[in-house]
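Since the structure of chain A is provided, determine the placement of chain B on it from the hints.
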Amino acid sequence: MSSSSKAQAGQALWSKMPKANAELFALTYGSLVTELVRDYEDPIEVNTQLDRIGHSIGVRCVDELLSKADLAGLGASSTMCANLRDTAEVVAKVGFRMFLGIQAEVGGFSQDQRSFSIYLQENPLSTFVELPAAGDDDYQYGAGGDDLRKLKYSNLYCGVIRGALEQVNLKVECNIVRDTLKGDELNEIRVELKEVLSDGAGDDYKEE
Amino acid sequence: RVTPLSRIQHRGGAGGTYLAQQRQLNYPHFFFSTVSHLPQKTPGSTRLELQLVVTPRQFSLAVKMTVHAIHIFDRKGKTLFTKRYTTTKQQLMQDAEQVSEQRKLIFGMLFSLRELVGSLTPEGESPALHSVKTGAGTLHCYETISGLRIALYTNNNPVMNTLPGGARAAGGEINSKTSFQTALKHIYSEIWVECVVRSPLYRPEDIQVDPPEGRVKFPGRFDIKCTNFELKLDEYLKSMPWFL
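The listed protein sequences derive, respectively, from chains A and B.
Counting with this note's numbering, you get residues 169 to 376 for the letters of the first sequence.
Counting with this note's numbering, you get residues 1019 to 1262 for the letters of the second sequence.
If you're looking for bench data, these hints aren't it; they were derived computationally from the structure.
Accuracy of the hints is not assured; some may be wrong.
What the hints assert, rightly or not - Derived DSSO-like pairs (lysine-lysine); straight-line CA-CA distance at most 27 angstroms:
1. B:Lys1250 to A:Lys184
2. A:Lys236 to B:Lys1250
3. B:Lys1151 to B:Lys1243
As the list claims (entries may be wrong) - Over 12 angstroms on every C-beta distance to chain B, these chain A residues come out as not near it, computed from the model:
4. Ser199
5. Leu234
6. Ser235
7. Gln335
Using N, Cα and C, we set each Cβ at its ideal position, and we do this for glycine too.
Looking at chain A on its own, in the form it has when it is part of the complex (with noise of 0.2 angstroms):
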């Protein structure tokens, strides 16, 4: 399946998808890390829980794209990839496109095949983001100015990869390498696959 037919694909779906407001989008988003971050103090746990919010969300979009994976004429007999390549064009040329409106690209393919890296220039979710710089917050709770250089902000991408990836089979680990946020000129999200895994009964058939 070419490249360019997923991104017109993207499009497509991108066109059909009810929208919500950009700014509400990011500033709820926006509100939410900081109340996290007012609960937890600790970045990395933050940072946990945005990956777990991001996992639920991606399991239901999962659902989203593969129905409606048809109409845009990815067909029922192309979507199953046949790489991880083909997965990860889908995810990002497709998934990102169809959920948020944004042009994703993928690339730095490991030798063995099994990771890549998506980039995005522009993140929706940090619009109107600052991180503080060092030594700007030393509140009473004794939070040191580096911590928050820590958070990894837009962290629910990891999540939501995790989450849609794992519904098909595939259970992949995702990592924030680099950050407009923190001053790199765009963000990179790489993407390991740790195994496939495999059909088969879970508890629940032979409880019933």
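What follows is chain B alone, placed relative to chain A:
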């Protein structure tokens, strides 16, 4: 008398002659038969005609439902949704044990068949189980990549209820618009995703299957009943011409 309900004409020679079934017109099951060597309108050409022939059926007094039941399974084998469309009282009062046994059997069968189909399919094509046909009925299946399986158990000969624009709808081969695969796909994408997945109460790990009599409902679990799913599903199925 042979009553042709639709005709598709092809030019081109055809060998032998197949006998057209000549019976009386009766209700409503259709049967394909190829007829060649019919009286030729233009000399020197043979026409191959595909005619619809209606075979005789005993007119039964009981209303025959086309769709018997629908089941939805998730990837792990848990039944997410099941519904029986039947008029006989007996079937409704099936033992709880039996019902869950039946569901497990259906899932097991679908699972094993999928493995089988996967190993039989030639390289490069995507394996997909469409239907399993027995003497009594057919089980149509649709499976998504995310592991959701929808199974629709129907009669063997779907009754085409509506015959508007007669020739087209009655054209032996089921129209792609009303075929079961399309219907199942539609159920997945328009009804399941819209009503269940998008519901804010949806939790994939914690779905409450309809509890058999006597068992307490677990609070906090997501019940499909609290969405519009069943309503929309019924609406959709009723709008299909093969649903009685």
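Numbered hints the structure breaks, given as an ascending list
Hints 3, 5, 6, 7 not satisfied by this model.
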